[in-house]
Each structure stands twice: as C-alpha cells, then as structure tokens.
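Those sequence lines, one after another, are chains U and G. Residue numbering for the first sequence follows my numbering, starting at 1 and increasing by one per position. Residue numbering for the second sequence follows my numbering, starting at 1001 and increasing by one per position.
Bear in mind the hints are in silico, worked out from the structure with no lab data behind them. Here a beta-carbon is modelled for each residue, glycine too, at the ideal position from N, C-alpha and C. Please note: incorrect hints may appear among the correct ones.
Selected chain U positions facing chain G (Cβ under 7 Å, derived; list incomplete) [unchecked claim]:
{"no.": "1", "residue": "Asp79"}
{"no.": "2", "residue": "Thr80"}
{"no.": "3", "residue": "Glu81"}
{"no.": "4", "residue": "Gly112"}
So you can see what is in the structure, the chains are spelled out below.
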Amino acid sequence: MLFAKTTGAVGAALAALVVALIPMAASASGSQASADLERIVGPPAGHVLVGRGLEEATEAVASLMRCPVCQGLSVATSDTELARSIRVQAQEMLQLGYTQDQVLDYFEYSYGEFIRLAPKPEGFNLVVWIAPGLALLIGIGLVTLRLRGQRPPTPVEASVPSPEDSELDTYLSQVRREVGPSGGPGAGGAES
Amino acid sequence: MNRVVLAVGALVAAPLLIFLALSFRSNPNVIESPLLGTAAPAFELLDLDSGSRRLGDLKGKPVVLNFWASWCVPCVAENAVLADAARRYAGQVGFVGIVYQDDPVRIRMFQAQLGEWGPALMDPAGRTAIAYGVYGVPETFFIDRNGTIVHKITGAVDRASLERVLRDML
Chain U
1 MLFAKTTGAV GAALAALVVA LIPMAASASG SQASADLERI VGPPAGHVLV GRGLEEATEA
61 VASLMRCPVC QGLSVATSDT ELARSIRVQA QEMLQLGYTQ DQVLDYFEYS YGEFIRLAPK
121 PEGFNLVVWI APGLALLIGI GLVTLRLRGQ RPPTPVEASV PSPEDSELDT YLSQVRREVG
181 PSGGPGAGGA ES
Chain G
1001 MNRVVLAVGA LVAAPLLIFL ALSFRSNPNV IESPLLGTAA PAFELLDLDS GSRRLGDLKG
1061 KPVVLNFWAS WCVPCVAENA VLADAARRYA GQVGFVGIVY QDDPVRIRMF QAQLGEWGPA
1121 LMDPAGRTAI AYGVYGVPET FFIDRNGTIV HKITGAVDRA SLERVLRDML
C-alpha cells in the first residue's frame, strides 16, 4: 500500500486545505458528523493522504468492508448508492488523516462487526481463524492413518511365520515322513 | 478406524448443529443495532423548505426518528400509523423523518397524497443514514429524553409495536 506521507508544516497546510474543501466539514451537518467522528474514533492518528496514495488507501479500506445491502460484495466492488456513500465518507476520513483502523472502527460503530469482511481475530471469532487450519490438520492426520493401514507388509514382517504357516509346516513334515526320502508313494513298487 | 472417523465427524458436526439450533432462537427479520443504548448520532439537516433542523432541538423529549423514501412500499403502509401516532402524541414526542436516497419533489408528492406526520429532512449522500447504521427503509429509531437510542424497528412500524415502545419511553 502506497501512502503519501506528509510531515510538518506541509502536512498541516494540506490538512487545512482538505478540511476546507471537503463538503462534510464545510456543511452544517458536516460539523456534527466531525464531532461524532472525534467522539467515536478520536482524533486522526495517521497521515494526511492525497492523490494516488489516497485512492489506493480508499480502495484498500473499501475492500475490507461488506456492502450492507448486498450479498457477499465488498464496498469496493458494490455499485449501490449506499456503498458509494460509504466509499466517499471513508475517503474523506482518510483525507483528514484517519487511519484504516479508525475508518473501519467508525463504520463498525454504526453497523457492527458485520461491516468487516474479515472479522477481528479475537474472542469467539478466533474459531473462524483457527478452525480451517485445525480441520486441515485433522484431515491430514486421518488420511495419514488410513494410508498407514493400507501399507504393504515389509520383508521383515513377511519372514515371520504366521500360526497358519506353522500348522502347514507340521502337516508338510508329516507327509514327508510318510512318503519317505525317495519321493512318492510308488517309489517302493506298485501293489496289485 | 471407523470409531476415529465417527468421533472426528461428531466433533465437527456438534458445534455446527449447536450454532444452527441457537440461530432458531432469534428472529431473522430483526437486525440488531449496535447503537442501542448509545447516544443518538447528532445531525443538522435541511427540511423541504430549507429550514435547518437539529436533533438537539428536541432535547428533553422522546423522539421517533424514521428513515423512509417515497419509493419504499412498506413506507406507504406505515405512513398512516406514524401520522396517527404523531397526532395523538403531539407535544409529548417528536416525530422526525429522514429521507433516504430520494428527492424533494417525490417526497412532496408522497406527502400530498398520503399525509404528513413530521418534517422530512434531506440527507445528502446518506451521511446520517450511515451514522445510524441504516440498511434499508423503513427503519425507525426511538430516542429517549436523554438522547439515547433505546429501540429500533426494522421494516414497517405497526400500531401495536409503536404504542408499546412509546408507552415505555413516556
């Protein structure tokens, strides 16, 4: 994000110019609104923004706010009159030197946390941030367990005789004893 | 293995089911305002005759603040209810309308046809509506004598609800 930062006398002069130009501060209702701004989010805590920096900052903060009358659209992408009004007001706040957080806090004051597209990572909201990672880990764990269960037996495991093999060995030995060293039952002559 | 899968499934499904069950307890038509219990945002707006009106002018008196527009169908329905209440509570309660995304000509036509119950204040760029967290019209805020928002009705105001809230405020 590119912020046009100004300092000292230049900043103060720009701030005064901006305050004088924007309609919010110039109108009667604007002075009331400014008083409410101060009451809600305090004095501007950032830098006065102008030009391209202001445009980018406005776009950035608008993309973080949910359009109150839309389905899943941000204030930046919505073309409704209300979204446009919020964008304009957000831009005016940034012009006055309010920070992105102050702008978000201001609109959250009247619309609640609903206005934030990304809820604050605190309290119950942490579930939203933690649950996807946790679900992914659980999924990986389950898949790993399943794959281990299907792994082919290792050579070491194959060489260990099973109980079935032992039984077969017993029968095989018995057969060999009965048949004798020469081979089959017919080795000693055929009976008639 | 099957037990593990079942346990994990239950672990994932249980919170979702609890969340859904809790959702049934609230009315989906009610949009809670975070402004309830806080100071009503101040405003100074112009009425249709360009007269300046401030919320502060009504200090010490309960106020019914209604956001409305001529294109809003429920606003037509509630207009008679507000007009009747404004007549009965004249002098005791201040009734103020703030026009939402509309123009003065249409507002005058609306009032000429359906009646007028209080000043209709123009809200340039919807600043006051935004300050009150308005989603759409009609929305009605009830401000007590101390300037605190004590109730909000989303959608058309009906006679019974209006009476109940006003009785609580007086």
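Now the hints, each set against the structure:
no. : hint   : in the structure
1   : Asp79  : 14 Å, violated
2   : Thr80  : 9 Å, violated
3   : Glu81  : 5 Å, holds
4   : Gly112 : 4 Å, holds
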